[in-house]
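Sequences are here, hints too, so could you generate the full structure?
In order, the protein sequence lines correspond to chains A and B. Using this note's numbering, the letters of the first sequence map in sequence onto residues 1 to 218. Using this note's numbering, the letters of the second sequence map in sequence onto residues 1 to 520.
No wet-lab data here; the hints were simulated from the structure. Ideal Cβ placement from N, Cα and C applies to all residues, glycine included. Mixed in with the good hints, there may be bad ones.
Cβ pair distances, simulated, as ranges [said to hold, decoys possible]:
(1) A:Val13 <-> B:Ala415: 36 to 42 Å
(2) A:Pro56 <-> B:Val294: 56 to 62 Å
(3) A:Gly12 <-> B:Glu404: 45 to 51 Å
(4) A:Arg118 <-> B:Phe377: 34 to 40 Å
(5) B:Phe377 <-> A:Asp108: 30 to 36 Å
(6) A:Arg118 <-> B:Arg407: 39 to 45 Å
(7) B:Asn65 <-> A:Pro55: 20 to 26 Å
(8) A:Pro55 <-> B:Ile63: 21 to 27 Å
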Amino acid sequence: MPVSLTLLLTAGVLIACGVYLVLERTLTRVVLGFVLVGNGVNLLFIVAAGPPGKPPFEGSGDPSEMTDPLPFAMVLTAIVISLGITAFGMALAYRAWQLFGHDEVPDDVEDRRVLRRRRRRTEDTEKLSWSQALSEESRRGALMHSQGFAPAEDDDQLGSDLTSAEDVPQDATEADEGQPARRPGLRRRERDHPAADAPGTGRGTEPDRDDTAGRGEP
Amino acid sequence: MNIELLLALPVMLPLGGAAITLLMRHHARVQLGLSILTLVAILTVALVMGYHVTQEGVLVLQIGNWTPQLGIVLVADRLTALMLVVSSFVTLAVLVYSSAQEVNERAGRTPLAIYYPTYLALVAGVSMAFLAGDLFNLYVGFEVLLAASYVLLTLGGSASRIRAATTYVIVSLLSSIIFLAAIAAVYAATGTVNLAELAVRLDGLDSGTRMMLELMLLVAFAIKAAIFPLSAWLPDSYPTAPAPVTAVFAGLLTKVGIYAILRLETLLFPASQIQNLLLAAAALSLFIGILGAVAQTDLKRVLSFTLVSHMGYMLFGIGMSTQLGMGATIYYVAHHITVQSTLFLGAGLIETRGGTTNLIKLGGLAKLAPVIAVLFFIPAMNLAGIPPFSGFIGKVGLIEAGIEYDRASGWILIAISVITSLLTLYAIAKIWNRAFWQEPSEEIIRREVAMPRVMTGATAAMIAFSLLLTVLAGPIMTYANEAAASVLERTPYVSSVLGDDAADDLVYRIDPGGERLEDR
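Set out below in structure tokens:
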């Protein structure tokens, strides 16, 4: 089966650009990436349809010269589906922006937990350098700047980054039993601003409500 | 009226129900009644279908009377019918359970109006994936159920759910795109997407192309089934959803992936060269999943990790592809859908009573809430594979198949299966010790919650169903073995869709010992 090189190359470029965007940390870019990859894959269907021929109308000519209509039917379905899913992805990004002021994809819960535990252990002797922390934190700072937000006051980004209410006490594992549950961000804040009535305490009980008020509202 | 028209009902009924419940958005009671009615109807249809399939053989519906190569076909064989019966029962029980849960949450921000329509759309997607007779329809079924699951996972749009859903949506999108690209490649290589026609045409391709197509499809399905290297998304996203939603997701969505892998490895690529890859993935899923479960301190996360781990059992049977192994796998799928959903419903009960699912905070529930203790204990023991229950029967079946398989890989997997089973018992015992026997905190003792009867009743019904799998293990195992035999032989499926002539063109079949035989 002869294959159009132009179509293949276009599909390749679209998919490559899409994959690049999907690897980004911002949900908006990820969604755009999926749009590109989706278009590239749709082109693959057109490649699969074979060389162009006559329009496939009943009785309009010899069926062997007609274009295969089936892949186009499938592409149409795929386009409709990806339209719906893209809309959902955009809504998700917007909601994340309303809630958190950014739409970055969060790290794995376990990764964050491991990092936090390590921080707690090293905190009293030395502060972890940026390079030892997840680089995402410094990236987030840059992102906040670029979006015109002041750098976050709370230097323990992970505290606000938990996935669920149940997540906070999860931090205390059997190994830590017997010790009072300590939250590093909280303690540091208390040390730096002893007067401030640590706002993070409410966060432990009701993380769903926090930050909802307006930070991202236009 | 043709009996074949029954095949359209498990897809049409919930879609129609979704439309009507959406129109009835201001009447929660009507919505609930309609949804229950729809699911009962599907359960009835599935039972009739199951009976008919055992008596008369595979059912095929050609929608719009197009030829199978061009149009959409729905196919039900024994495997499909069993999956439909189990899934419709589980969705029905979970819906009843959630009706009471929502009374509790009514004060919250959960938009009730879209819950029932979305739930029914999810059911339609699941049924469609089970019934699909062509690859593209399978894709559409997946998309329907995924789109519905995105909405269910983000119900209420709270911070934790948005975070969890972000990961889930991205991973699911990735698997969908890979699946779509694989379909394009399959179409380019063979010129069809009909599963029966593909079975005939793929047999004629050279092994390199076959392997590429198989691996692409396998990756897409393995992400959905949460097989180990592709499973990291699951424990992060499932636990944040409401308990009934998690129960349906854990029970059904991963099993749809396993079902697709089963079809892939038997009908499309019989006993292929990647069997060892499947067995290795099964071993890793089993072992690493259960190690994750042991390390967790949150009830729902422990259960999510055991889910990842136990997917390995089903992959083990598929990887061997002996008749005994496949039969045990089919039985195990039915068992696992039921028991995993029941456990998550139990976790929901514990959450309602104790106010949290954190194992460190929970305690004393055995004394404070003995009903919940019983309702959690039975499925938990079932999951761990303690003798009288169906988990034990399924695992024994798989291990027996592994012994008969008699290869190094089989023996390694038997060892890992047994270790995993023990570690599951350990994880369950840990939950039990902490949630039920630990000294309760003042907060839990003082917490007075009236347990809705409906919730405990629905959980009890699920347990009764899982016990039914034990009591009727003989007939069900026979049924599963027959399903396995017809799946491995491939001809019944192909001949009923395309006719006997096409079935004669099949090159390969799998013999009961798991070897690929060349017929021509």
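The hints, checked one at a time:
Remark: the range hint 36 to 42 Å for Val13 of chain A to Ala415 of chain B is contradicted by a beta-carbon distance near 49 Å. Against the hinted window of 56 to 62 Å, the Cβ-Cβ separation of Pro56 of chain A and Val294 of chain B comes to about 59 Å, which satisfies the hint. Look at Gly12 of chain A against Glu404 of chain B: about 47 Å separates their beta carbons, and that is inside 45 to 51 Å. Checked against the given bound of 34 to 40 Å, the beta carbons of Arg118 of chain A and Phe377 of chain B, roughly 37 Å apart, stay inside it.
The given range of 30 to 36 Å is respected by Phe377 of chain B and Asp108 of chain A, whose C-beta atoms sit roughly 32 Å from each other. Range check, Arg118 of chain A to Arg407 of chain B: about 43 Å between beta-carbon atoms, so the 39 to 45 Å window is met. For the hinted restraint 20 to 26 Å between Asn65 of chain B and Pro55 of chain A, the CB-CB distance of approximately 24 Å keeps it satisfied. Between Pro55 of chain A and Ile63 of chain B the beta carbon distance is about 25 Å. The supplied range of 21 to 27 Å therefore holds.
The structure is inconsistent with hint 1 alone, although it conforms to all the rest.
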